[in-house]
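In order, the protein sequences belong to chains A and B. The first sequence begins at 47 in this note's numbering and counts up one residue at a time. The second sequence begins at -16 in this note's numbering and counts up one residue at a time.
Hints were generated in silico from the structure; no laboratory data involved. Remember, predicted model here, so these are calculated numbers, not experimental data. Keep in mind that the hints are not guaranteed to be accurate.
Unchecked claim - Below, a sample of chain A positions facing chain B; criterion: calculated Cβ distance under 7 Å:
| id | residue |
| --- | --- |
| 1 | MET174 |
| 2 | GLY191 |
| 3 | LYS297 |
| 4 | LEU323 |
| 5 | ARG326 |
Said to hold, decoys possible - Straight-line C-alpha distance at most 25 Å; calculated PhoX-like pairs for lysine-lysine:
| id | chain 1 | residue 1 | chain 2 | residue 2 |
| --- | --- | --- | --- | --- |
| 6 | B | LYS212 | A | LYS106 |
| 7 | B | LYS276 | A | LYS297 |
| 8 | B | LYS212 | B | LYS90 |
| 9 | B | LYS90 | A | LYS297 |
| 10 | B | LYS181 | B | LYS314 |
| 11 | B | LYS356 | B | LYS314 |
| 12 | B | LYS314 | B | LYS366 |
| 13 | A | LYS119 | A | LYS144 |
| 14 | A | LYS144 | A | LYS227 |
Cβ atoms here follow ideal geometry from the backbone N, Cα and C, with glycine treated the same way.
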Amino acid sequence: MKRRIGKIEGYLYILPWIAGFLLLQFLPLINSFRYSLTNIRLGGDYDFIGLDNYVRMFTKDRDLAGSMWVTLKYILLSVPSKLLFALAVAMLLNMRIKGIRIFRTIYYLPSILGGSVAISALWRVMFMKSGIINNLFGLSVNWLGDPRYALATITLIDVWQFGSSMVLFFAALKQVSQDLKDAAQIDGAGKLRVFFYITLPMISPIILFNLVMQTINTLQNYTSAYVVTGGGPIKSTYVMGLKIYEDAFVKSNLGYASAESWLLFVFLLALTGVIFLSSRFWVFYADEGG
Amino acid sequence: MKRKLAALGLSVVMVFTLAACSQDQVSTATQEESLKETTAAQTAEETQAAETSAAAQTDEDVTLRFMWWGSDVRHQATLDVIAQYEALHPNVRIEAEYGGYDGYFEKLTTQLSGGTAADIFQYNANTVSDLLAIGDVFTDLSDYTDILDISGFDEGFLESFSYDGDTMIALPSGINGGIWLTNTALLDEAGISMEDIKTWDDFIAAGIQLHEYNNDYYLFNIDIDTLGKELFGSFMAQLTGEDLIDTENYELNFTRDDLEKVFTLIDSFYKNNVVEPAADSAPYALQINTNPKWINHELAMAYGATSNVYTGYYDFTEAAAMDMPMFEGAKESGILYMPPQMIAISSSCEHPEIAADFLNYFYNDENAINTLKDCRSIQPTEKGREICEANGYLDPVLVSAVNKAVETGTNHQNIYTPAEIVTIFQDATEKLAYGQADVESITDETMTLLEEALERFR
């Protein structure tokens, strides 16, 4: 009897999350798949059209391949840059210097401000040809208008929000045993060698976690592209998130946009699958032994 | 076990406390609102300004939502008119929802399909087909003409833009004309006369002459979005004398040759330096007046709608509205002549009579007209125009552009072209602007995309 009450009690504790998950995530997920098999438009009636939306994606949509390619480039540019930057800053903040706590707070600020529309609008003004960036460095680069630079420019906004990855790296760096480093140094290892052979393997599980989370975030993010470049010029920043948004809410093709969301979902699954499969070659878990 | 139960109890208490807090906040807000309403009622009584109206005939507290987009000047003027109306009708509260146009259309369509749209909302006249496709989203204003006086509106204008069949779905917020806003001093400097630019060939020749005179100068300040949408429709109206598509059968109203001719014109703008290179002007899309070259008087003319030309849009003294250049043998002028926006009452509005009463105040009251001035272009009612003219609220350059539009505005304004079709033209224009391919292949590709999209609509 006591055990049974304990069980019910446990379910009650997780009920808010379960209810939220079912109503706000699971149900929309199922619905989006259902819609992907229809020709539903905003507010309109719809018919089931089988796999037509999926067929159209691969046979008639001339923007899809380009958009997927831009999304892949965006991930390849953004995620490694962000993680490298976050790790570098975390290492700096791991040093014992006066006022380090204040620095830690300041460096986390960009993540609190986030990738909001206001911040994106600010970046847009900063990166205009006559903006502060060009004026500050005496450049005349067309950051937003030139298709060669536009994607890199919106990637910078992402990199700027390195705070959450940095905090995780920072916590991981704190966990690296000083004994191991000391032992390596006694054996004659220099600082670089200690970093590559002790620190990096010890924090590799956190690198994996950050890599997966940031890949997911980047794949879903379209605010920067929407506000800063609107997907242009000539679709050089037309990431899949933005394409899905436009197909759904500008062109009103909700059914087709739902099908694209599922394609993106499968793409994300494949990408994270590859990351997880590769992880056994480079992630070191101390409890599994060397 | 006890500790666990205590924790569970605390969680439950916390949830209820939070809910109660929100309730308290609501109660406090209600009390504040009620206090505000009482004060407003007293003020209204004191001024004895309350008029006999639908809102005055009921004591019921009514809250309406009014959503629009615009510039700060428009926001402030509209908020002031709302405050005036609320002071006259203490039982009515109008919640303002406003911002820029970015994302407005998407927000509106989503709200309309979800049944959560504002009671009164502004929309772009040329998005009406997308809104109608959502379903029955408009209140028929002709049911409220005893409250909402429409006698001051031009009947022909209403017939063109306010009706869907027999249903009066909205009223125009003003009269809008396409304007070729020209810095004549800059043209004079290069020995170009605005009056000599009659055809598109003249236009391109003037552009070449100006750029040759000074490499920093360009004739035309335009963004790809406007060029591929409004102007594209104008070019095609000149060539065909028709809307872009026949929205009953979803057929194209132009041929491949027509399309190639228009694309060739757009291509020649960029190839001959009539317009600034696309990469340089792209960041100023839909805000061409913020382009530093425009501010520095290095761009001689800008095309846009008069409703978008607000105070501070240009600062050169020798300004004029040029006549729109034409193709040889053009069938129509191609000049934009349509409402800057439409204002409608949503079908989900629970108090359409009060919303109609507010719109009556908005359009016909002298105080409201004096407050709104030209924030939505030239006023749509005769009384509004008279008051604005008498008080000198209007920029004479804009007035001359609107007068030209009234006299020679094109018959086909493409207000029923779906957004999906428009984006095809805009994408093609962008490719031309960036020199991505030759005119012929872009024409072929565009024709294919159009046929595929129209097939889906059919």
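Right, here's what the structure says about each hint:
| no. | hint | verdict |
| --- | --- | --- |
| 1 | MET174 | holds, 5 Å |
| 2 | GLY191 | holds, 4 Å |
| 3 | LYS297 | holds, 4 Å |
| 4 | LEU323 | violated, 38 Å |
| 5 | ARG326 | violated, 40 Å |
| 6 | B:LYS212 x A:LYS106 | holds, 23 Å |
| 7 | B:LYS276 x A:LYS297 | violated, 34 Å |
| 8 | B:LYS212 x B:LYS90 | holds, 21 Å |
| 9 | B:LYS90 x A:LYS297 | holds, 13 Å |
| 10 | B:LYS181 x B:LYS314 | holds, 15 Å |
| 11 | B:LYS356 x B:LYS314 | violated, 35 Å |
| 12 | B:LYS314 x B:LYS366 | violated, 34 Å |
| 13 | A:LYS119 x A:LYS144 | violated, 40 Å |
| 14 | A:LYS144 x A:LYS227 | holds, 23 Å |
Comparing the model with each numbered hint stated earlier shows that hints 4, 5, 7, 11, 12 and 13 do not hold.
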